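Novice: With the hints as extra help, turn the sequences into a complete structure.
Residue numbers (the working numbering), protein chains in the order written: chain V, 1 to 95; chain H, 1 to 573.
If you are wondering where the hints come from, they were derived from the structure by calculation, not from laboratory data. Remember, it's a predicted structure, so these values are computed and weren't measured experimentally. By construction, the Cβ of each residue, glycine as well, lies at the ideal position given by its N, Cα and C atoms. It is possible that part of the hints are untrue.
Unchecked claim - Below are the SDA-like pairs computed for lysine to any residue, each with C-alpha atoms no more than 25 Å apart in a straight line:
| id | chain 1 | residue 1 | chain 2 | residue 2 |
| --- | --- | --- | --- | --- |
| 1 | H | K97 | H | G39 |
| 2 | H | K242 | V | Y79 |
| 3 | H | K97 | H | F477 |
| 4 | H | K242 | V | R47 |
| 5 | H | K97 | V | R18 |
| 6 | H | K242 | H | Q350 |
| 7 | H | K505 | H | L228 |
| 8 | H | K242 | V | L57 |
| 9 | H | K97 | V | V71 |
| 10 | H | K97 | V | R49 |
| 11 | H | K97 | V | R47 |
| 12 | H | K479 | V | R47 |
| 13 | H | K479 | V | T21 |
| 14 | H | K479 | V | Y35 |
| 15 | H | K479 | V | G24 |
| 16 | H | K242 | H | S144 |
| 17 | H | K97 | V | G32 |
| 18 | H | K479 | V | Y22 |
| 19 | H | K97 | V | Y79 |
| 20 | H | K479 | V | L27 |
| 21 | H | K505 | H | G520 |
| 22 | H | K419 | H | Q114 |
| 23 | H | K505 | H | E484 |
Claimed, not checked - Computed, partial: chain V to chain H, Cβ under 7 Å:
| id | residue |
| --- | --- |
| 24 | V28 |
| 25 | I29 |
| 26 | W30 |
| 27 | F31 |
| 28 | A37 |
| 29 | F41 |
| 30 | P51 |
| 31 | T53 |
| 32 | Q63 |
| 33 | F70 |
| 34 | V78 |
| 35 | L84 |
| 36 | D85 |
| 37 | E92 |
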Amino acid sequence: MAHNPDRPAVSSENYWRRNLTYVGILLVIWFGISYGAGILFVEPLNRIRLPGTGFPLGFWFAQQGSIYVFVVLIFVYVYLMNRLDREFGVSEEDE
Amino acid sequence: MTVTAWTFVLVGLSFALYIGVAVWSRAHSTSEFYVAGTGVSPLANGMATAADWMSAASFISMAGIISFSGYDGSVYLMGWTGGYVLLALLLAPYLRKFGAYTVPDFVGDRYYSQTARIVAVVCAIFVSFTYVSGQMRGVGIVFSRFLQVDINTGIVIGMGIVFFYAVLGGMKGITYTQVAQYCVLIFAYLVPAIFLSILITGNPIPQLGFGGVDQETGTFLLDRLNGLNAELGFTAYTSGVKSTIDVFFITAALMVGTAGLPHVIIRFYTVPRVKDARISVGWALVFIALLYTAAPAVAVFARANLLNTVSEQPYAEMPEWFSTWEDTGLITFDDRNGDGIIQYVGPEAQTATGVPIENELTIDRDIMVLANPEIANLPNWVIGLVAAGGLAAALSTAAGLLLVISAAVSHDLLKRAFKPDITERGELIAARVAAGFAVVVAGALGIRNFGFVAEVVAFAFGLAAASFFPAIIMGIFSKRMNREGAILGMITGITFTAGYIVYFKFINPAANTAENWWFGVSPEGIGAVGMLLNFAVAITVARFTPAPPPEIGRMVERIRVPKGAGEAHEISG
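Specialist: Here it is as structure tokens:
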């Protein structure tokens, strides 16, 4: 088993800090797409059309795009955290 | 076969399926009753979560509201999906690691306080009953329209079914019934959506179709709708009437509420491992997104079809569905100018010479999804399918909520607070009695009518956002947060939010206009303000009161890591 029970203090602090960094970056994107593109900047974006469709861009973000981005964000987080768990030897894989 | 015959067959078959699944998967222990023995696969849990959480509001009500409010309906679309990002990133993995049965379990242990536990129990029961009352109206609408029974009889039948599988099966029964209900409801939602999309735009994918070209006129469907809305004196479909700040706060309240709703959170206690909890949230959102990205398309198709069918048409020539819905009182026509033609217009409508036109048609927004297949002349079996889907959505959510209420009574109050020496057998009996009692109360609430389904449900989200979300977040992300802060925060948040809603909705509904709202935030969005208050009070109080005992700090460290450091502490501590 890769994980060493004698060194947790420093490594678990690093683990937590890396986790918070991931969470922070993903939440910035989360906020930018939904509250940014879908609400605060919806009117300027509505002047642009999603090419080839009848969707004003801001409206599309509010009713379609934001939902797709939410799904992607969760799967990205799952991928990053599974990698991080293995790196720090805290994965439940070998239980 | 007639619509009624098809509805009886499809609803009957789906109910038989749920009961069969419930008998097959009934619970034998408290662990199975509360968390399905933590043996649910992440994919199945994702599907169950999707059904658990997509209620009558999502299935019956939401597309109708979007259809009438256009862009403003986006608050529901973003609000009810964005919360899953918060769940995956901030809550689900840690609560799974903590490994409790209920949300008050976590609050009570993390804040080392029976008072905190009981405050959480009261919040959980309050939120869940608010939510359940919204579901029951949905059940009533479906029954009264499609099975030609009295609304109250319909509610009693629905509650009987829920009683059977929630009381018998507990979480284990509910989980697998919800998987079946998800399959029924998503099929029932997408079939008419695809039909309509092909009919109107020629594109079989509704998510793309509503951005496509209307086959009749050759213009983009959304452009055509904006044009029609303008002509009839409504706001343009792709822009809204709600203020930006209100849209912002409603979306926030719904998102945070999603992440704070006890019946959603406990679903992530049922999977085997922390990593399963993370991916399970992802699957849940995939399954939800299937419906949620189709809903705005359904809304656009419904709007176009409705305007085509009724606007400036003779009342005498209205199709059969029109008069059936009139019988339920959910469509009313009042021929004010006596010309026998339906003037369905918005507040700004006027004739070419500037004379205002009076609106003569009122349509309950909750009926749009149910009426849609009939308006578009789809086959009878599709209409029956939609009825079965609406019931699946309402019943699956009601069952999840009833389980929260039952666990709050039998586990949090009896086992953890007042009678710790209760046997497992005794607790299981208490849980079933509590579930039975909750079914009866929920039925009684459903027989009273509390307004639009989605609005009532939105209040439940506001209450959850203002009470649980901050307490749980700070319990995980701050080691310094103590019981005094958490308790006062929760009490402030839920009292403020409930007070604001009760004032504007029940005490003084006449004042419920934008000028009277604080900072322009409507009662639907006030939960986000309540949440901020909760955080502010909790952080301030915690600064001036003693830090939590050291073992709480170690507990928090344990929660934060899937394995390893946590076990080391457990061995040494």
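Novice: Please verify whether K97 (chain H) and Y79 (chain V) have alpha carbons no more than 25 Å apart.
Specialist: OK: K97 (chain H) and Y79 (chain V) at ~18 Å, within 25 Å.
Novice: So, as I understand it, the hint says V28 (chain V) touches chain H; can you test that by seeing if any CB pair is closer than 7 Å?
Specialist: 12 Å, violated
Novice: Take the C-alpha atoms of K479 (chain H) and G24 (chain V), compute the straight-line distance between them, and say whether it is at most 25 Å.
Specialist: Distance ~19 Å between K479 (chain H) and G24 (chain V) Cα, so the pair holds.
Novice: A closest beta-carbon separation below 7 Å is what the hint needs, so does L84 (chain V) meet it against chain H?
Specialist: 10 Å, violated
Novice: Does the alpha-carbon distance linking K479 (chain H) and L27 (chain V) stay inside the 25 Å limit?
Specialist: 22 Å, holds
Novice: Holds or violated: K242 (chain H) with S144 (chain H), Cα cutoff 25 Å?
Specialist: 33 Å, violated
Novice: Taking only the CA atoms, is the gap from K505 (chain H) to G520 (chain H) under or equal to 25 Å?
Specialist: 16 Å, holds
Novice: Given the proposed pairing of K479 (chain H) with T21 (chain V), does the C-alpha separation stay at or below 25 Å?
Specialist: 18 Å, holds
Novice: Does K97 (chain H) pair with V71 (chain V) here, judged by a C-alpha cut-off of 25 Å?
Specialist: 23 Å, holds
Novice: Should the hint that V78 (chain V) touches chain H count as held when the rule is a Cβ pair under 7 Å?
Specialist: Nearest chain H Cβ about 5 Å off; hint holds.
Novice: Are the Cα atoms of K479 (chain H) and R47 (chain V) separated by 25 Å or less?
Specialist: Violated. K479 (chain H) to R47 (chain V) sits at ~47 Å, over the 25 Å cutoff.
Novice: Check whether the Cα positions of K97 (chain H) and G39 (chain H) lie no farther apart than 25 Å.
Specialist: 15 Å, holds
Taken one by one, the earlier hints fail for this structure at numbers 2, 7, 10, 11, 12, 14, 16, 17, 23, 24, 25, 27, 28, 29, 30 and 35, listed in ascending order.
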